[in-house]
Structures are given as C-alpha cells and as structure tokens.
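The task is simple: from the sequences and hints, build the whole structure.
Take a look at the letters that make up each chain.
Number of protein chains: 2
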Amino acid sequence: MSQTTIETTTEPTIRYNDQGLVPAIVQDVDSGDVLMMAWMNEAAVRSTLETRKATFYSRSRDKMWVKGESSGHVQEVQEMRLDCDQDTILLRVKAHGPACHAGYKSCFYRNWNGETDRLDVVEKKVFDPNDVYKS
Amino acid sequence: MSQTTIETTTEPTIRYNDQGLVPAIVQDVDSGDVLMMAWMNEAAVRSTLETRKATFYSRSRDKMWVKGESSGHVQEVQEMRLDCDQDTILLRVKAHGPACHAGYKSCFYRNWNGETDRLDVVEKKVFDPNDVYKS
Numbered sequence: 176m177s178q179t180t181i182e183t184t185t186e187p188t189i190r191y192n193d194q195g196l197v198p199a200i201v202q203d204v205d206s207g208d209v210l211m212m213a214w215m216n217e218a219a220v221r222s223t224l225e226t227r228k229a230t231f232y233s234r235s236r237d238k239m240w241v242k243g244e245s246s247g248h249v250q251e252v253q254e255m256r257l258d259c260d261q262d263t264i265l266l267r268v269k270a271h272g273p274a275c276h277a278g279y280k281s282c283f284y285r286n287w288n289g290e291t292d293r294l295d296v297v298e299k300k301v302f303d304p305n306d307v308y309k310s
Numbered sequence: 176m177s178q179t180t181i182e183t184t185t186e187p188t189i190r191y192n193d194q195g196l197v198p199a200i201v202q203d204v205d206s207g208d209v210l211m212m213a214w215m216n217e218a219a220v221r222s223t224l225e226t227r228k229a230t231f232y233s234r235s236r237d238k239m240w241v242k243g244e245s246s247g248h249v250q251e252v253q254e255m256r257l258d259c260d261q262d263t264i265l266l267r268v269k270a271h272g273p274a275c276h277a278g279y280k281s282c283f284y285r286n287w288n289g290e291t292d293r294l295d296v297v298e299k300k301v302f303d304p305n306d307v308y309k310s
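Same order as they appear, the protein sequences are chains L and E.
When you read off a place in the first sequence, starting at 1, and then add 175, the result is the number in the working numbering.
When you read off a place in the second sequence, starting at 1, and then add 175, the result is the number in the working numbering.
Some clues are possibly wrong.
[To be verified] Simulated pairs of lysine-lysine, DSS-like, Cα-Cα distance not exceeding 30 Å: (1) E:269 / L:300; (2) E:300 / L:269; (3) E:269 / L:269; (4) L:299 / E:228; (5) L:300 / L:228; (6) L:228 / E:299; (7) E:299 / L:269; (8) L:299 / E:269; (9) E:300 / E:238; (10) E:269 / E:300; (11) L:299 / L:269; (12) L:238 / L:228; (13) E:228 / E:269; (14) E:300 / E:228.
Note that these hints are calculated values from the structure, not bench results.
A quick note: this is a predicted structure, and the numbers were derived from the prediction, not measured.
Now the structure itself:
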C-alpha cells in the first residue's frame, strides 16, 4: 500500500515494526493527560478492540498483559486512533485509577528543566506503590 | 542505574533503543490534543532542549529535522517530560500550525471503529497539503 493510500484508507493497515510491535500512547479522555506509552503486538491490538480494555505486550516478560490486571487500574478504551502512517496508536481511555506503577496518575511526572539540566517532579504522587502491588 | 533509581532520579538518563533512538510524543499544551509521535536521537534531544523547537530524527532520511522547517508549522517546546522508565519523551508544545502533513491538526485523525472494523475520519482537514508543501 502506498504512503498516500495509508494516509487516506479506511482500512486498518497497521505497520508493525520488525519485532511485530506498534507503540500505543494512552490519553485520559476526561483530563486530556497523556498517561503512558506501551507496546502492542497484533494479538494485543485485537484484544483491546474486542474487550475495550487496554492490553499491551511486554517485551521484558514476553507476554500480553491487561493494564490493571494487578492494580485494578484498568483503562476502558473509548477510542483507538491510528496516525497518518498507521505505525502509532492513540488509545483514548476512561482511566480507573492512576496509570503509573511509580504512584502517579501519569508516567510523565518529570520535566527536564533546560536551565538546570535536571528533572523536576511536576505531578503529585497519588498512591504508594507498596500498598497497591503487594507481593 | 537500577529501575527504582531511574524512576526517582532527577538526573536525565534517557534509555535510547538499540538504534540510539527514543520515541517522542507531541501534545498541544493549549488543547491537550496529542498531535504526533516521532523519534529523536541524542543530538535531536539536545537541540530541542537548547532551541526549544521540536527537533526529531528521520529514520527514512537518516537525518535530523526541525518540525516546521518546510511548512512553517513549528512547535515551541514548553515542557520536555520523561516517563518513569526514561525511555519515552513527552513534548508539550505551542503549535504554530497543524502538525500533520496530511492536512490535519493532529496525525491521529482516524478512529478504528470496533463494530465496522474500519477507520472513521474524526478530525476536520484544515489545509491542503499541496498548498503548503510546494515542490
């Protein structure tokens, strides 16, 4: 399929990378906050479409995982958007709890300060990971 | 650096992939819209921090590019956030014009409809690419 066709087609034609994965950005539909980025394989894409629960593929654990399966912080998918190139996904979700295992609503809780060249924490911690992820 | 240290340090420690690249999500600070995703190498990260203009690395053209260098649609970087793992960047920008070369404000102009299994165009076209990218 040509580049122009990929941009205009109504047929989903995801271009997975050479590992069979595609990056998926997760955005909270209510606040507009960008919550996290994770990877999906084709099975995770299909599962997300069917269950409407954000489902990813873990490269380190080599398996599919449903967001919230340990924490209960599931992400209910309202929209699954594709970009012009069809090589990036944007999930617009109702977030049932914070997205970040480090205790923040969003994984993007640090800002790189160009003047100090350090990271400033710009979000509030909303839970203690030790309480949520019990061993 | 351990996983916990990466999550809590104030030291920027970007974990580039095996091609020396890191994905960068671009969000409009005013509307909250997710505009696009592109890749950065270390030079593009440094250039973005210094010039405050979103700068990426093109894998197909094998060179750095400043967003808006052809179209004039530059992205003025207000914040450059890192995620917990320090392997994804979120640029929060003032967008001087639409982000997508296909003519939309955001590259994510199509929604994958789970019922029809087709892509629905959910954004309005705001310019004709032929007028902006003259040969």
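Against the structure, the hints:
no.	hint	in the structure
1	E:269 / L:300	holds, 27 Å
2	E:300 / L:269	holds, 27 Å
3	E:269 / L:269	holds, 26 Å
4	L:299 / E:228	holds, 28 Å
5	L:300 / L:228	holds, 24 Å
6	L:228 / E:299	holds, 28 Å
7	E:299 / L:269	holds, 24 Å
8	L:299 / E:269	holds, 24 Å
9	E:300 / E:238	holds, 29 Å
10	E:269 / E:300	holds, 20 Å
11	L:299 / L:269	holds, 20 Å
12	L:238 / L:228	holds, 16 Å
13	E:228 / E:269	holds, 10 Å
14	E:300 / E:228	holds, 24 Å
No hint from the list above goes unmet by this structure.
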